[in-house]
Amino acid sequence: MTSEPTAATTEPPAASGEPIALDQAFASFDALWSPRIVTSVNDYDVRVAKVEGEHVWHVHDDTDEFFLVLGGELHIDLREPAGERRVTLPQGSVFTVPRGTEHRPYAPQGARILLFEPTGTLTVGDRHDEIPDHVDATTGHALVRPAELSGP
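Residue -10 is where the sequence shown starts when you use my numbering, and the numbers rise one by one after that.
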């Protein structure tokens, strides 16, 4: 089943000028592969997502995709001109998938990640395989209760 892309519906919480506690942000949702926008920096979204299992092979033609693993371990399969390779990112690791590189993130045991990409970037890229039901084709969702997610 191919899902229709969905977009964030409200201003990111940081627009209020208050800090965002990431643990509380993660506690505010359960959906996998369905990122939440925690803040914006210039024309970029900072998104957090809970992930488990496989995403979909996809490509972002015009932008790089930045991953920071906050918890667990994330694997990213890459299809490059020299062939396929796998990058393994343990907690605390960062990796940038270069624009135009076909890739598929997956987390066999689950992970919590932070993504940094231009506002409006689809989670499934510009070109992709068929989107499975467990993957949300979105440009990011706003956090549900921004007032409750403020830091101390």
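Hints were generated in silico from the structure; no laboratory data involved. Incorrect hints may appear among the rest.
[As the list claims (entries may be wrong)] Ranges between beta-carbon positions, derived for each pair:
| no. | residue 1 | residue 2 | range |
| --- | --- | --- | --- |
| 1 | Gly6 | Thr90 | 31 to 39 Å |
| 2 | Leu21 | Phe105 | 14 to 22 Å |
| 3 | Ser17 | Gly72 | 20 to 28 Å |
| 4 | Asp122 | Ala71 | 29 to 37 Å |
| 5 | Gly81 | Glu119 | 27 to 35 Å |
| 6 | Arg68 | Glu7 | 20 to 28 Å |
| 7 | Gly109 | Ser17 | 19 to 27 Å |
In this text, a Cβ means the ideal position worked out from N, Cα and C, and glycines have one as well.
So, going through the hints one by one against the coordinates:
Range check, glycine 6 to threonine 90: about 36 Å between beta-carbon atoms, so the 31 to 39 Å window is met. The hinted range of 14 to 22 Å is satisfied by leucine 21 and phenylalanine 105, whose Cβ atoms lie roughly 20 Å apart. Between serine 17 and glycine 72 the beta carbons are some 40 Å apart, a value that contradicts the proposed interval 20 to 28 Å. One distance hint, 29 to 37 Å for the beta-carbon pair aspartate 122 and alanine 71, holds here, with the actual separation near 33 Å.
Checked against the hint of 27 to 35 Å, the C-beta distance between glycine 81 and glutamate 119 comes to roughly 33 Å, which is consistent with it. Between arginine 68 and glutamate 7 the beta carbons are some 41 Å apart, a value that contradicts the proposed interval 20 to 28 Å. A hinted range of 19 to 27 Å holds for the C-beta pair glycine 109 and serine 17, which are about 22 Å apart.
Hints 3 and 6, counting from the list given before, are not met by this structure.
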